[in-house]
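> Sequence:
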Amino acid sequence: MQFELKKSAVLSALLGSVMAAGATAQPIGYATLNGGTTGGAGGSVVYATTGTEIHAALCNRPSSDTPVIIHVEGTINHGNTSKVSGSSCNTADGVIEIKDVSNVSLIGVGNGALFDELGIHLRNASNIILQNLHVRNVKKSGSPTSNGGDAIGMESNVYNVWGDHLTLEASGGESEGYDALFDMKATTKYVTLSYSILRNSGRGGLVGSSDSDDNNGPVTFHHNLYENINSRTPLLRHATAHAFNNHYSGLVSSGMNPRIGGVMKAENNYFENSKDPLGTFYTDDMGYWEVSGNVWSNITWSPEGSDSHPAGPNPVSTTSLNVPYSYQLSDAGCVPQIVAATAGANNGLLVDDGNCEVTGGGSSSSSSSSSGGTSSSSSSSSSSGGTGSSGGSVPGELGANLSIGAGSDGSSKGSGSYGDVRDGDLGSAWQPSSSSGERVSIKWSSATSFNTVIIRENGDAVQNWRLVNNDTGVELASGSGIGSALQVYLGDVSMSKINLEIDSASSAPYIAEFEVYNATGDVGSSSSSSSSSSGGSSSGSSSSSSSSSGGTSSSSSSSSGGSSSSSSSSGGTSSSSGGAFPSPEVSTACYTLATDPNVNWRDSSELDTDQEIVECLFKTLGRAVGYGENAMGGYDPNGNSKLTVITKNDSQGRSVEQQLLDAVTGNEPNWIVFDKFDFATETEISMHRNHCADASVQAAIGGSEAQCIDYRQWCADNGVSAANCAVEFFNDRLNDKNLPIRNTKIGSHKTLDGRMSNGYFRFNGFAIGADSSGTPTMTSEHVILTHLDFRGAGHTEDHGLDPDMIRNTGASHDIWIHKNTFDTTGDAAFDVKVGAYDITISFNKLINVKRAALHGSSDSRTINEQIRTTMHHNAFITTDDSYSSLGNTLRRIPLIRRGTTHMFDNFFMNYRKDILSVRVGASVLWEDNMFLMNSIHQEKDDVVQALNERGDELARDVDDGNFRSEGSKVWFSDAACNLDPSLVYEIANASGSVADLKQDYSQYSRDVITAERRPAGQALADYVIATAGKNGEIPFSSPLGYSQDYVIGLGEVACQ
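Residue numbering for the sequence shown follows my numbering, starting at 179 and increasing by one per position.
Please keep in mind that the hints were generated in silico from the structure rather than gathered at the bench. Predicted model, so just to flag it, every value in this text is computed and none were measured. Treat the hints loosely; a few may be bogus.
[Claimed, not checked] Here are the simulated DSSO-like cross-link-like pairs (lysine-lysine), alpha carbons at most 30 Å apart as the crow flies:
#1 Lys826 - Lys923
#2 Lys675 - Lys621
#3 Lys318 - Lys453
#4 Lys277 - Lys261
#5 Lys318 - Lys261
#6 Lys277 - Lys318
#7 Lys826 - Lys854
#8 Lys854 - Lys820
#9 Lys1091 - Lys1118
#10 Lys591 - Lys621
#11 Lys1176 - Lys1091
#12 Lys854 - Lys923
#13 Lys675 - Lys591
#14 Lys820 - Lys923
[Claimed, not checked] Just the calculated beta-carbon pair ranges, DEER-fashion:
#15 Ser1062 - Asn913: 23 to 29 Å
#16 Ser595 - Ser265: 54 to 60 Å
#17 Gln836 - Asn1209: 25 to 31 Å
#18 Gly594 - Asp243: 53 to 59 Å
#19 Tyr503 - Gly439: 21 to 27 Å
#20 Pro491 - Pro240: 55 to 61 Å
#21 Ala871 - Gly602: 46 to 52 Å
#22 Gly602 - Ser672: 22 to 28 Å
#23 Gly602 - Glu860: 43 to 49 Å
#24 Gly594 - Ser1038: 40 to 46 Å
Every residue gets a Cβ at the ideal spot worked out from N, C-alpha and C, and that includes glycine.
Work out the full structure: start from the sequences and follow the hints.
Written out as structure tokens, the structure reads:
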């Protein structure tokens, strides 16, 4: 996806805060000395999507010191990185080689730049900026190798380097083939590393590679996160370094290690859960340190001794250092929250204002071009960050839609009229007669001033588009994809007619609205996103994107609410009932309604219509990612939404179960919630009660209707113990396929939302659609089931009532199953049958569920070829006390026939073998899923053999279809799901061919996945455990969700 900007006067505004155009204007620290670090400022802007293109950008300059800004997007790896020759460069295969060059900015843009197993090497280079880049898993041994195993390595006369908003990570230490994340040696001087994440590595980095390497530094480290690092944060030989406002967590052996005359000034840093974070170690050649304002939390200090000279347990200064530059210090107490909200790639290039507040950056000298060169990027749209041609901030208040009341014309009409794009009605649309070379325009009788355009497409047909000033022919902006809402900020412009040119589309598109605004106001630092597309690229992006249908990625929360309630003035809380706030698309009244248990659903003083309340619920829930991304549930944007509140005192005298049956029946939009006060205490709901008046049911239990409704009374009357009651009643007496009890059918356009309630469903649940012998008899669309609690009566093989908790069937589609809890279900948690498709299953928690997710119930049903599901960030947990009875039988995640599923970032605990089965040509893509097994269940004396056996057997039943696994790993752990990093097994089973299924999604989903997907590891486990299930923290899919790092920082949550 590309966005090409033609209007250089508004370059930084259009590129937006997800790229370097929104960064701070200058680095802070030692990189500002020796003439300063400006990178490629003043040079041309070149767009690159491969390593070879990066090398070509260096080599195509007139000379080796000609300034150049290289904007990078996509995955850079060994397969697309080759040597390029030229007089202005010195490149190589298998590494990004910045050698014998100067005045270069390498900046990640749009969807982000991932350097996968490929390092960045600086040698004999000066004035270099590396910004908004993600580098991972660079190896020095094994395959493939790159850069000596360093993520970023600098050596041999390297001067003035600024590394900013980087994510540098490995998947282990030297024994796993990795070296360091950020190394400086052999005369590397005047370096600043800021707002970066360094994690999961044996070595953070060094300054000086040996005791004789004595001409390196000085270096500044500020606002960085060092997480799960064994040592070297940094190892500092001879050199001088200044570290302030950094967060160090999980340092295993040692941290800052000044030695042989090295000096470290450590100010207002936050050290926690670490061993020996400061001192001289592994030598008696001492270094020195100045310490002030730091927080030392849960630190283990080694005793003083030979080759071990820790600064603690009561660190005091052993020297003093005056730094020759200005800087601002935030209090150390807020550093974890500030760093979580600002550090790392694709995090909006947000910064700390020095007062424990997050703010956005202005335009950057590294990317603004005085020569007016064009640049390319891709992004979602935002109304924050960047500057317009008038020099003001990007507007925050849209104001009136100037298209309404204007005129319109176009190139052709296949259906609809040109006026349909300016009538304010999403239900009407203009469709041209072809898929390319088409135009629709908004026009006025005289020149009209505006700065913002929003285009709304029904569908995702548009591939390439341009906005053109019809008066002058000047192209204002262009990009790929539009989707449900694409916002483009143009800066201040004036014309009498603006054209939307559709250069290409997959089919003749439907353009519902072409809106024009002269927006005003300033979003401010807390509003990192405003509106964006479900499928399009546009200008001015933050790293989060929210659409007109309410979806966001998480980084809006990190800029607007990434602090605990004790330090946030905006009202954010860390409990699962609250969330990050403010958010630009959620009003205060909406936030209160969605999160305050004391404000019932119809008690808001501002939101007093069904439409307003449902829209609030829809927005705060967020948007699905993946195949189910278009699920709207019971929200109708055209104003026909209905709110149903389930109560215990229904005015019509209906039971809770009957109210639910009535509410989910039919196809009218209905958003269903539970009265906050009535369901404040735990309440059992069992849909079987709707059939208790049936004579056959009463005969089956040998009891009355009242005993059927209150089955515990039936147990007491029949001498059945409380421990065996549910099993006896549901799995014995009601185990009869001839009884009328079945899953309650849900019609189209329904949301069943259990937020702010403590009700739970017993025994069975719901069917979305219906079928008969493999043929759809009822097809439902746009269904959301969220924040529900399902509790079975224990698994019974081939139960006559087929008590699934959620069954998707009958070719039903556009479904989101999100943040539910399933415990000991009788059959599946969420089956997919008879051609159901476009389903996302996310952030659910399954506890001791034997058969989780069948995808297709028969080999012979060809309709199942259309099954498409996305499963991400779900927690599949077998408790230790159930392992012996369930370990060999926990399967079907999924058992899939003919269909397609994409599974990423899911967490599994205590699954022994055969998690999935791939049958009859089905396709499964596994990415970054992780599997832990409590080491108490190890079955062999040799731990390596034991882990290999577990890994070998988890995904072995795939040969009858297509299966690919990338980054999915297995570890032993303790009972609290803390993995043992000493041994890891990567699942490499494969069969057939599986495409990159993300390409089936809209750009919205791809953007969120790029921003939010984590590699398998402890951080992923902690985040999924904290967010999955009905009562988990609010995840990144909601605009109220905190950033992942902030959620992890709240502390470990029990995993079983």
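> Give a verdict on every hint.
A quick look at each hint next to the structure:
1. Between Lys826 and Lys923 the alpha-carbon distance is near 22 Å, which keeps this suggested pair within the 30 Å criterion.
2. Of the supplied pair hints, the one linking Lys675 and Lys621 holds, its CA atoms being roughly 4 Å apart against a limit of 30 Å.
3. At roughly 27 Å between alpha-carbon atoms, Lys318 and Lys453 fall within 30 Å of each other, so this suggested pair holds.
4. Restraint check for Lys277 and Lys261: the C-alpha separation of about 12 Å stays at or below 30 Å, so the hint holds.
5. Simply put, Lys318 and Lys261 have alpha-carbon atoms about 19 Å apart, close enough for the 30 Å limit, and the pair holds.
6. In summary, the hint linking Lys277 to Lys318 is supported, as the alpha carbons are separated by about 19 Å, within the 30 Å threshold.
7. Restraint check for Lys826 and Lys854: satisfied, since their Cα atoms lie roughly 11 Å apart, inside the 30 Å limit.
8. With a C-alpha separation of about 18 Å, the suggested pair Lys854 and Lys820 falls inside the 30 Å cut-off, and the hint holds.
9. A distance of roughly 15 Å separates the Cα atoms of Lys1091 and Lys1118; the hinted pair therefore holds under the 30 Å criterion.
10. Restraint check for Lys591 and Lys621: satisfied, since their Cα atoms lie roughly 18 Å apart, inside the 30 Å limit.
11. In summary, the hint linking Lys1176 to Lys1091 is supported, as the alpha carbons are separated by about 27 Å, within the 30 Å threshold.
12. Taking the CA atoms of Lys854 and Lys923, the gap is near 25 Å; set against the 30 Å cutoff, the hint holds.
13. Between the alpha carbons of Lys675 and Lys591 the distance comes to roughly 19 Å, so the proposed pair stays at or under 30 Å and holds.
14. Proximity of Lys820 to Lys923 is assessed by CA-CA distance (about 19 Å); at most 30 Å being required, the pair is judged to hold.
15. Between Ser1062 and Asn913 the beta carbons are some 25 Å apart, a value that agrees with the proposed interval 23 to 29 Å.
16. Between Ser595 and Ser265 the CB atoms are about 59 Å apart, so this pair conforms to the stated range of 54 to 60 Å.
17. Distance hint for Gln836 and Asn1209: a CB-CB separation of about 27 Å, consistent with the stated range 25 to 31 Å.
18. A hinted range of 53 to 59 Å for the beta carbons of Gly594 and Asp243 is consistent with their spacing of about 56 Å.
19. One distance hint, 21 to 27 Å for the beta-carbon pair Tyr503 and Gly439, holds here, with the actual separation near 22 Å.
20. Here the CB-CB span from Pro491 to Pro240 is close to 58 Å, well matched to the stated 55 to 61 Å.
21. Between Ala871 and Gly602 the beta carbon distance is about 50 Å. The supplied range of 46 to 52 Å therefore holds.
22. The hinted window of 22 to 28 Å between Gly602 and Ser672 holds, with their beta carbons roughly 23 Å apart.
23. In this structure, Gly602 and Glu860 meet the distance hint of 43 to 49 Å, their C-beta atoms being roughly 46 Å apart.
24. Remark: the range hint 40 to 46 Å for Gly594 to Ser1038 is upheld by a beta-carbon distance near 43 Å.
In summary, this structure violates none of the numbered hints.
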